[in-house]
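Undergrad: Take a look at the letters that make up each chain.
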Amino acid sequence: MDRYASGDPAAFGELYDALAPRLYAFIMRSVHDSARAEDLVQQTLLQMHCARGRFVRGSKVTPWAFAIIRRLFLDQARRKKLEVLSSDGSDDVEAASHRPGPEECAQMRELEYLVRQELARLTPAQQTAVELVYYGQLSNAEAAEALGVTVASIKLRVQRASQAIRLAFAGPGREGEP
Amino acid sequence: MTTPDSEVSGEALGVDQRTALTGAQLPSQLKARVLSEIAQRPAPTRRSLARQAAVVTAASWVIAAVIFFLAGGIRITGRPASLVIGTAIGTGLVVGAVVWAALGRGGSTLGRARQALLPIVIGSPLAILAWKLFWSAQYSGALDQWPTRPGFRCLGLSLSIGLCPVIAFMIARRRSDPIRPGLTGFAAGVAIGCVTALLTDLWCPVAHLPHLLLGHLLPIAALGALGAWLGRQLVGMRGK
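The listed protein sequences correspond, in order, to chains A and B.
Using numbering that gives the first Met the number 0, read the first sequence as starting at 0 and increasing by one per residue.
Using numbering that gives the first Met the number 0, read the second sequence as starting at 0 and increasing by one per residue.
Take the hints with a grain of salt, since some may be wrong.
Said to hold, decoys possible - Straight line, CA to CA, 20 Å or less: simulated DMTMM-like cross-link-like pairs of lysine to aspartate or glutamate:
1) B:K30 - A:D16
2) A:K59 - A:D16
3) A:K154 - A:E117
4) B:K30 - A:D38
5) A:K79 - A:D32
6) A:K59 - A:D7
7) B:K30 - A:E117
8) A:K59 - A:D1
9) A:K59 - A:E13
10) B:K30 - A:E13
11) B:K30 - A:D7
12) A:K79 - A:D38
Stated by the list, open to error - These stretches of chain A come out as covered by chain B in the derived footprint (C-beta under 8 Å, 3 or more residues):
13) 40–52
14) 65–77
15) 142–148
Just so you know, these hints were derived from the structure itself, not from any lab.
Small disclaimer: the values here were computed from a predicted structure and weren't measured.
All C-beta atoms, glycine included, are put in the ideal place defined by N, C-alpha and C.
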C-alpha cells in the first residue's frame, strides 16, 4: 500500500490479490449474497484507491481495509434497512460446491447454524470483535485498530463472547435447535 | 495470516477455513472490473495530498495569527512577566500533548484508539484551567474579578482564532475516517481550542474563575462540538 500511496500503479494488483479474497470471505458471512459481497469489495477497493494519499506511511493496510468494508456494509444496511444479524441459516449455493461430503456438510451447517444463533445473542461489540477475529482472520491488534479500540478491549470482548458461546453449548435445552 | 490468541478455535465458531483463507468463491472477473474502474478515476498521491494539506493548514494559522495580532497580540497589562511566562509554559506543555494526540494519528491510518484519545482530549482543557488557577494563585490579586470583563471578548476572540484551523483540519482529512469521524473531529476541535486558549491567555490578564469558564474554556468546548459535527459531515468515509 505504501508503494501505491506513493504513486506506483502496479502495486494495486498485488494489493488486490492480498486483500480481496479475505474481504470477500469476511463480508459473505454477513450479507449471504455474492452480488452484494462483490459490490462491497469493489467499493472498498475503490475507496482505498481514492483515499490512498491519506494512507499513513508504514501503517497496516489490513485493519484499514476491514474498517472500510465494515463501514460500507453498515451504511448500506442502514440505508436498505436490512436485518444484518438475522439469518435464515441458508448458505450461498456456490459455497456448497466446495464442501467435502453430505454428512460432513450437514454437520458443519448444523454447527454453523447453532454458532450463528449464539452469536446473534451477543452484544453488538462482541459480535463485531468475533467477526473480525475469526471470520476476518485478523489478529487482535489488527481488529483493535479496525475498530478504533485497544487490544485489551478486543481480547476482553472475544473472551466474553467465547465464554458465552461455550456456556450456551454446555447448557441444556437450546431454543430453536434443529 | 495470523492466529488469534484466544481460547476458541475458528472451527468451533463455524468458520470454514478453506473458504475464509483461500477465498475460493471470489469471482475471477472482479479484479479486471476493479482495475478498470480505478484506471478511470485518478486519485491524488500521498505527496500531492500532503502538499495541499500543508497549504490549507498554514493558510488557516496565518489567518488565526492575523486575527490574534489585530486584536492586540501578547498583552502584559500590568501582570508580572513571570506570571505570563509561567502560565504560557504550563499551558504550552498541555497543548503540545493534546495536539500530538489529537491531530496526529499514532502511526496508523485509522488513528489512535478511542480509549487512548478520549482521556487526553477531555483532560487537557481541565488541566489548562487548573494550571492557570494554580499559577495565578501564586500572585496576589491575580484571581480577582474584573467587573467590566465577564469573558465575552475572550470568547469571541478564541472562536474567531480557532474557526479557520478547525475547518482546515476537516478539509485536510476529508473522507478519510471509516470508524469514528465524529470523535476525530471532536478531538481536533478541542486540540485547536487548547491552542486558542494559550493565545487568549497571552492576551487576557483576567484569571477570575467565571471569566475563565466563559471566555477560555467554553470556546474549547464549542470548537470541540463544531469539530464533532463537521467531522461527521466531512471526515467520515461513505459508500455510494
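Undergrad: Which constraints among the numbered hints does this structure fail? Numbers only, ascending.
TA: Result: hint 7 breaks, nothing else.
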